[in-house]
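Protein chains in written order, with the numbering used here: chain A, 193 to 510; chain B, -7 to 265.
Note that these hints are calculated values from the structure, not bench results.
Since the model is a prediction, treat every value here as computed from it, not as a measurement.
The reader is advised that the hints may include incorrect statements.
Claimed, not checked - Here chain B is said to cover these stretches of chain A; the calculated rule only asks that three of the stretch's residues, wherever they fall, bring their Cβ under 8 Å from a Cβ of chain B: (1) 275 to 287; (2) 372 to 381; (3) 388 to 401; (4) 444 to 457; (5) 491 to 503.
Heads up, the beta-carbon is just placed ideally off N, CA and C, and yes, glycines get one too.
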Amino acid sequence: MSVVDITPGRDERGTSRAVATSSRRTPSSPPGEPRRVGYAFIAPALILYVLFVLGPFAHTIYLSFFSWDGVGPQRFVGLGNFQAIFGTSGLRDAFLHAFVLIFFYAVLTTLIGLVLAGVMARARIRGMGVYRTLLFLPFVIAPTAVAVIWQWLLAEGGPINAALAAVGLGAFREAWLGSFSLALPTVGLIGTWILYGLALVLFLAGVQKIPTELYEAARIDGAGPIREFLAVTLPGLRNEIVVVLVLTVTAALRNFDLIYVLTQGGPGTSTEVPSWMVYNQAFVIGDVGAAAAVGVVLAILIFAVNFIITRLGTGSVS
Amino acid sequence: MIGRIERAVGYTILTLATVIVILPLLGVLVMALDSPGSGSAAPSLANANHFGNFAAVWQQAGFGSALRASAIIALPTVAITVVASVPAGYGFAIMKFRGRSLLFYTLLLGLLIPVEAMIIPLYFDLRPFGLTGNYWGVILPDSAFSIAFGGFWMRAAFLSAPRSLIEAARLDGANTLNTLRCVLLPLVRPQVLTLAVLVFVGTWNDFLFPLVMLSGSNIQTAPMSLVYFQGLHTTNFTYLASAAIITAIPVVIIYVLLQRSFLRGMISGAIRG
Chain A
193 MSVVDITPGR
203 DERGTSRAVA
213 TSSRRTPSSP
223 PGEPRRVGYA
233 FIAPALILYV
243 LFVLGPFAHT
253 IYLSFFSWDG
263 VGPQRFVGLG
273 NFQAIFGTSG
283 LRDAFLHAFV
293 LIFFYAVLTT
303 LIGLVLAGVM
313 ARARIRGMGV
323 YRTLLFLPFV
333 IAPTAVAVIW
343 QWLLAEGGPI
353 NAALAAVGLG
363 AFREAWLGSF
373 SLALPTVGLI
383 GTWILYGLAL
393 VLFLAGVQKI
403 PTELYEAARI
413 DGAGPIREFL
423 AVTLPGLRNE
433 IVVVLVLTVT
443 AALRNFDLIY
453 VLTQGGPGTS
463 TEVPSWMVYN
473 QAFVIGDVGA
483 AAAVGVVLAI
493 LIFAVNFIIT
503 RLGTGSVS
Chain B
-7 MIGRIERAVG
3 YTILTLATVI
13 VILPLLGVLV
23 MALDSPGSGS
33 AAPSLANANH
43 FGNFAAVWQQ
53 AGFGSALRAS
63 AIIALPTVAI
73 TVVASVPAGY
83 GFAIMKFRGR
93 SLLFYTLLLG
103 LLIPVEAMII
113 PLYFDLRPFG
123 LTGNYWGVIL
133 PDSAFSIAFG
143 GFWMRAAFLS
153 APRSLIEAAR
163 LDGANTLNTL
173 RCVLLPLVRP
183 QVLTLAVLVF
193 VGTWNDFLFP
203 LVMLSGSNIQ
213 TAPMSLVYFQ
223 GLHTTNFTYL
233 ASAAIITAIP
243 VVIIYVLLQR
253 SFLRGMISGA
263 IRG
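Isolated chain A (complex conformation) (with noise of 0.2 Å):
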């Protein structure tokens, strides 16, 4: 049987028994399903997968119970590469920045998406796909793109200083991205300018499918507009929250291109994150096996907020 079959066109008569011991809800299964076949039409996506996903993952896990500088041999340290990671102030910090970044690129951006399309849950906007379009744009660039404009416009002698000073806010001109204590901040704001557009048109265009019933209910009971966003709104988005909330902090984690342009971890070590120090400590200092073992937290710091996500959306209403 582990012949794989081919022929093409050839009923085979078995799929009652597939059917009747499924427990999908699938009844309108056809009989005569191919099925071996199958596996000759999965089989190339999935060589590929093994080969140049799957496997290296499983050869990164593998890497990070290992002390390796990249040429030499390689030395078994067990979990001494992860116990550096929570023990070493470097490697710590570099995640408890990254959770400052998810404030700013996946928490900052679904509230302001979330406040604008509660405003306007109402209102039906005409010209939304001219909105749409330009919105969307900061996420089409390449974000070596974008760090590259941001670089700019942070200036020392740059139009955002320059508009501060115009407006008599002088005083509050600063080297953004020299600053040991904004540099961080300034990235994370540069990640919710990237993408509270693309917040903001998911939301719309979840809210346009609210029933207005809802809304005039609501109005009918004497809510008011936050009652009737916390009743109403809040709840009928659910599904883009979710779908918001994975995006956005999955790029709050993998951020690698701008902090490669603008600050390169610095200044000191105050930028530094996961994805940047996987790349310098195994391509620049040769730290494979520490490398490895941060991305290998990362992944799992990824998995789990995916999993907590998706569960806290699908479960949070009865």
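Following the hints, position chain B against chain A.
What follows is chain B alone, placed relative to chain A:
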């Protein structure tokens, strides 16, 4: 009754949000046309006529070969992704075989594995095969990475195709391959286009992967050329603005031309099952 004021507020907010997004991009456009080496504060529209900046940057940063390298990587990646994802999605959606769910969820895991958790072994393991420092070292992993999304996306497309059509094809004597080619493929063409656009944009914009896999070679993608150029001209903002535009423009053109495909992917494809 619900009306004028809310609508006015809505338009105002939406316009404001859009202006905040667009203003920096317009500023870059004006900056790129300013006289080269001018100050960084406020590019003036009156001075925005130095189209020669683009030619100068094109030459100095080697964008001719960079754009070509990006295309040499992005186009085969799109082709391989589509050619592998369409049958995979078809198999997962239409056919029944042992281990189908397990294999599908294994593939789905690829949507979550970050590049950072694969890049190290890819660099060290592909080197003995001569795959680092050449195009295939980027194309193959990039395709494999896109296939996780592609398989998932095409499965959803085939699942939404009417079952009766497939049965009718089968009754007419079409085999599985012909059912796919003649009956279903025309039906899911929009989703295939969406997949192609998303993969092209993602591959073109990617930086970390080519940075690592092409290190030590003289191949440079457009984002790599931009970043190296930026390292050389940290304060020549007119040139940097031109370089950023050259890097971004191919993708922006495709986005504007095919935005319905792109947005369909972003709005519905992002929603995981």
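Consistency of the hints with the structure:
1. Residues of the region 275 to 287 of chain A lying with their CB closer than 8 Å to a CB of chain B number 0, which falls below the three-residue condition for coverage.
2. Counting residues of the region 372 to 381 of chain A whose CB lies closer than 8 Å to any CB of chain B gives 0, which falls below the minimum of 3, so the coverage claim is violated.
3. Counting residues of the region 388 to 401 of chain A whose C-beta sits closer than 8 Å to any C-beta of chain B gives 7, which meets the bar of three, so the coverage hint holds.
4. Counting residues of the region 444 to 457 of chain A whose beta carbon lies closer than 8 Å to any beta carbon of chain B gives 6, which reaches the threshold of three, so the coverage claim holds.
5. Counting residues of the region 491 to 503 of chain A whose beta carbon lies closer than 8 Å to any beta carbon of chain B gives 5, which reaches the threshold of three, so the coverage claim holds.
Hint compliance for this structure: hints 1 and 2 are broken, all remaining hints hold.
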